[in-house]
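Asker: Let's have the full structure, built from the sequences with the hints guiding it.
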Amino acid sequence: MKFTALQQTITLVKKDILLELRQKYAFYGILLYIVSTVFVINLMIGKPEEKIWNALFWVVQLFVSVNAIAKSFMQENRGRLLYFYSLVHPRSFIAAKLIYNILLMAIMSIITLVCCITFLGNPIINIWYFIGVIMLGGISLSLLFTMLAAIAAQANQNAALMAIMGFPIMLPLLMMLSSIAKSSFLIVYQPGLPKLFLMMGSMDVLIIALSMVLFPFLWKD
Amino acid sequence: MAKHWWKALAVLILTYTIIAGFTHKIPIIGTNGQSSRGLYFHVPMWICMYTMFTISVVNSLRYLAGYDLRKDALASAAGGVGVFYGVLGFATGTLWATYTWGSTFTSDPKQMLTAVALLIYMAYLVLRMSISDIDKRARISAVFNIFAFALLIPLTYIIPRMVDSLHPGSASTPGFASKDTDNNMKAVLYPAFLGWTLLSVWIFTLVVRYKKLELKNIFK
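First to last, the protein sequences are chains U and F.
Numbering (this note's numbering) for the first sequence: 1 to 221.
Numbering (this note's numbering) for the second sequence: 1001 to 1220.
Don't read these hints as lab results, they were simulated from the structure.
This one's a predicted model, so the numbers in the text were calculated from it and none came from an experiment.
One or more hints might be untrue.
[Unchecked claim] If you only want the chain F side, here are some residues facing chain U, beta carbon under 8 Å, derived: (1) 1064; (2) 1113; (3) 1116; (4) 1126; (5) 1127; (6) 1139; (7) 1140; (8) 1143; (9) 1146; (10) 1147; (11) 1150; (12) 1151; (13) 1156; (14) 1157.
Yeah, the Cβ is synthetic: ideal placement off N, Cα and C, and Gly gets one too.
Answerer: Right, dumping it as structure tokens:
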């Protein structure tokens, strides 16, 4: 019985979701991480004003994504990876990881937003726009870190390596995201906003394309 | 000696450009004063860096096509020399900015994005240092090199042209076209491009020879 690549990908995504629902280890770990971080910020600074709220939100998002995605790759040991190697084409594997991490980051972004609003006050004027922006941000960060976690998983599963490789590349992404998010706090006219969206979108497409092309080379181990 | 003529040429050209760059007359425009001489150093550094990174990514692609470790040595040597020239280019630009833009580390898009691109390549060097198995290191760093180069071009070249920036060649500051450049400056600038590129290729060949000595049991 031959499965198409799409069916293979969907099966792998379902496998990851099922594992997560059963054990909930990563989910609760990251939930605790988000709540503690936001609570510590609240203890130190009370209810910050817009720019600082924005900056802290994106910093929390960054560290949440690094942790969540590192966990999703680290929990596979060598034996299981070899088993997958014999079963599916590497592109289906990386596509499944990308989709699963996007779903995970989307949920985590909403949770971070709820925590930040609860603990740090709500300076947002345009909530639906902000939710759209954090979805875009979550997707971009998860795409990037999935690719890097795949690279780091080959190099002795070193989580620090993923952070080292990831931080320079993530700097321009976060710069663009925080300037896009500004519109949801202040009613200002931002010239060049569609251009920023286009640049974010094209960087995402670039990262997806690179992952699809380069991951099969990493896989041959 | 016949094979090394280009090295002697590099030394001669560089001697000429450095001496002429500092002594001959340049047009004094506004408050730029003598700082325009930075053009002779800043732009060639970046050209060397782009040349080195192109050599590096081409060799990474060739490595992934054939798994020949010699290509990996070429790629890593070019990456290292490219980072060196990139840092020099960034330093010359920052020095120039101190006198023309007013402050050393501004929030200018080109300066920041170039720093980011250099950090990405430094992460490439760190990645190479952290893996000890030779074949695995070659494969993984080749993949990351392609990734880094694919990000380098949008970050340092495309995005700064689209946004408002103080750097020439952006959306709000006119760039240098060849007809805008004074003929006196052209006489030093174009040889400077050639001289610095030849020097960078010379350093690259030396680094490759050193790496080949290090791994000589593999290359036989």
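Asker: Against this structure, judge whether each hint is valid.
Answerer: Tested hints:
no.: 1; hint: 1064; verdict: 6 Å, holds
no.: 2; hint: 1113; verdict: 6 Å, holds
no.: 3; hint: 1116; verdict: 5 Å, holds
no.: 4; hint: 1126; verdict: 6 Å, holds
no.: 5; hint: 1127; verdict: 6 Å, holds
no.: 6; hint: 1139; verdict: 6 Å, holds
no.: 7; hint: 1140; verdict: 5 Å, holds
no.: 8; hint: 1143; verdict: 5 Å, holds
no.: 9; hint: 1146; verdict: 6 Å, holds
no.: 10; hint: 1147; verdict: 5 Å, holds
no.: 11; hint: 1150; verdict: 6 Å, holds
no.: 12; hint: 1151; verdict: 6 Å, holds
no.: 13; hint: 1156; verdict: 10 Å, violated
no.: 14; hint: 1157; verdict: 13 Å, violated
The structure fails to meet hints 13, 14 from the earlier list, while all remaining hints are met.
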